[in-house]
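The primary structure of each chain is shown beneath.
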Amino acid sequence: MPKLKEVIKNGNLFTAGHRACAGCPGPIIIRQALMVAGPNTVVTINTGCMEVASSIDPFTSWNVPFMHEAFENSAAAITGVEACYEAFKKKGKIKKHMNFIAFGGDGSSYDIGLQALSGAIEREHRFLYICYDNQAYMNTGIQRSSATPRGSHTTTSPAGTVIPGKIQKRKDLTEIIAAHDLPYAAQASPGYWNDFMKKVEKALNCGGPSFINVLSPCPLGWRHKADESIDIAKLAVQSKFWPLYEVENGKYKITYKPREEVDIEEFLKVQGRFAHLFKPENRHIIDELREDINYKWDRLERLERLYSD
Amino acid sequence: MPMKALTGNEAMAEAMRQINPDVVAAYPITPATEVVQLFANFVADGRVDTEFVAVESEHSALSACIGAAAAGGRVMTSTSSQGLALMHEMLYIAAALRLPIVICGINRSLSAPINIHCDHSDTMGSRESGWMHIFAEESQEAYDSIFQAIKIAERAYLPMIVSTDGFIISHCMQRIDMLEDKEVQDFIGECKPHHSLLLTDKPYTVGPLSLQDYYFEHKRQEIEAMMQVAPIIDEVGKEFGDKFGRHYGLFEEYKLDDADNIIMAAGSAAGTAKVAVDEARDKGIKAGLLRIRVMRPFPYKQIQKVLKDKMIISVLDRSDSMSTMGGPLFIETRAALYDTETHPPICDYIYGLGGREIDVENILSVFEKGEIYKKKGVEKKLAFIGVRE
Ligand SMILES: Cc1ncc(C[n+]2csc(CCOP(=O)(O)OP(=O)(O)O)c2C)c(N)n1
Ligand code: SF4
Ligand SMILES: [Mg+2]
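As you go down the protein sequences, you meet chains G and A in turn. So for the first sequence, this note's numbering puts the first residue at 1; every next one is plus one. So for the second sequence, this note's numbering puts the first residue at 310; every next one is plus one.
Don't take each hint at face value.
Unchecked claim - Between beta-carbon pairs, the in silico distance windows are: (1) G:Glu291 / A:Arg529: 24 to 32 Å; (2) A:Glu666 / G:His97: 38 to 46 Å; (3) G:Glu124 / A:Pro540: 39 to 47 Å; (4) A:Val352 / G:Glu291: 46 to 54 Å.
In case anyone wonders, no lab produced these hints; they're calculated from the structure. Using N, Cα and C, we set each Cβ at its ideal position, and we do this for glycine too.
The following block holds chain G by itself, in its conformation from the complex:
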């Protein structure tokens, strides 16, 4: 964990006054990441909630150089910035060390921007990609993405009388990225800020491409109260819905192991997007979700054991 006393000196690199909803963890994630990265950082971002909320012309919340190009290409954009930095360094035009961070929501990271993200990692640019995963396209009004979990109600996978929300399970982007054999990939949650900031520090110092997928409970889309986001971010981890782990040079490590069993229902029942699952005819979906989660957790533990000697 980076020393709080130290990183706090970096000041607030993502200021108040942004237009995110009350209780949105997105700005918290950004602020904590920048606190670790410091002022010598360039940020790119994909179109989505955090972009539209943070930089409404003529205002900006960004106290670091910041660029938004489009919905699907913050990863490609940051590689251009990093390439230019490398060119300037070679020519002696720039000397200082800099960090490069690209942000994207789940829609831009799991779906439309997956190609740009994959390409940027394969090319081994030195940058950190942070996906703030609120499990749907929130900016356009809560449509399903491939990060939306099974059973969830969204406006394009509505809980109807015949079809009970999204039928398919969610894509596992962290594993897809880990399969690129990059130096560092991890999953984090704003419920565990110290774990997240430590991961940011590791990611920025890994010398190559890195990726962190951060769960971002969205009061509007998940239908919970504004003051519950962080509790839900914790419940997601405790119920093993969102394991905290890292893959460092191929080595798996679960960075937080829940001490007691918390059933997935505890996580589901506090969110309106899953309310319909508690009807008797839909309860089988909760069972399927539980199976999905157990399968993933079991797999993670095996992978961790594989590397534990």
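Given the structure of chain G, go ahead and fit chain A with the ligands onto it with the hints provided.
Just chain A with the ligands, lined up with the frame of chain G:
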């Protein structure tokens, strides 16, 4: 000055080498692939200092170029056809962010059906994106224009495409009068961007959300910027000509002065048309050619001046607009002539789609048709050359 036999693509790649950009992000596509490959060789052999980013798509190519240009670098790429189409979203963004990126474009038709040969549908399809665009007739002009494009783009704060006709120029050998590397560097000078994302003590936000209250002003400024471009192109063309002896303007006039029967064309067909002009003159036709070099901005005022008193204007369009009104060059020229009092008669010929040949005979027949239209008036506003009926 060294003389070399080069293909259009080789000439473009050589120009890129001599420019030695900070960043090139590119993706292969026929017939532009060679430019990218040759440049990769220059990088591999240490002949340039460029960071070469071999991206996974053209969309990412331009996205990375935009990132690099916003970081303050001199940035170039190359593409064609589907590649330019895939960049379409980012073309508008590059232009609106006022980033002086230069694309070495090779004109190729658009799918479907898939076809690798020349027409102008690709760059014509981008003409409302805010990019300046030069159609080079042949390789020497392409080579010379790329240096000018760097200078024009960095002066106008707008991006620019310089294109040649796929295969016809890109793959054909021609004698190129080359500049020395130092002459190129002296001509283009150092890239001095207004802003850079790498200046962390002056952090700035690029590409914010701009709504009803500010978006219009941004766009207005972009339009104004494009309005300032024509004199910059003339100025840079003159600087180049004064230094190296080859002068370039917004368009080229070939035996236009005393002509009454005019053909307008862009790209390699203009070369063929010049031969046709000579042959038509042998037959007693007062033939002339206006070759469009700069398509964006469209030099409508200058065109009005030279065409207003002509008796017939036949436009050759190597793409269609699907408006049923004819090709883009025709529609824009016709709109330009609306402001003249003479309203010279004008008609359009679509030719050469998907690389279909056009020869001197084809163009001569257009002049001959022009002789009839001159007397009887235009019978057919839109016709096709060289297509099965
Ligand atoms: C090419 C393109 N397609 C669609 C959109 C519309 N769009 C903007 S943001 C967005 C969803 C963003 O979802 P996500 O990435 O999950 O971010 P969030 O808003 O949830 O934070 C969509 C569909 C767009 N801007 N560009
Ligand atoms: S809709 Fe959700 S993700 Fe978007 S700003 Fe509001 S709380 Fe945050
Ligand atoms: Mg989302």
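Going down the list of hints, with the structure as the test:
{"no.": "1", "hint": "G:Glu291 / A:Arg529: 24 to 32 Å", "result": "58 Å, violated"}
{"no.": "2", "hint": "A:Glu666 / G:His97: 38 to 46 Å", "result": "58 Å, violated"}
{"no.": "3", "hint": "G:Glu124 / A:Pro540: 39 to 47 Å", "result": "45 Å, holds"}
{"no.": "4", "hint": "A:Val352 / G:Glu291: 46 to 54 Å", "result": "51 Å, holds"}
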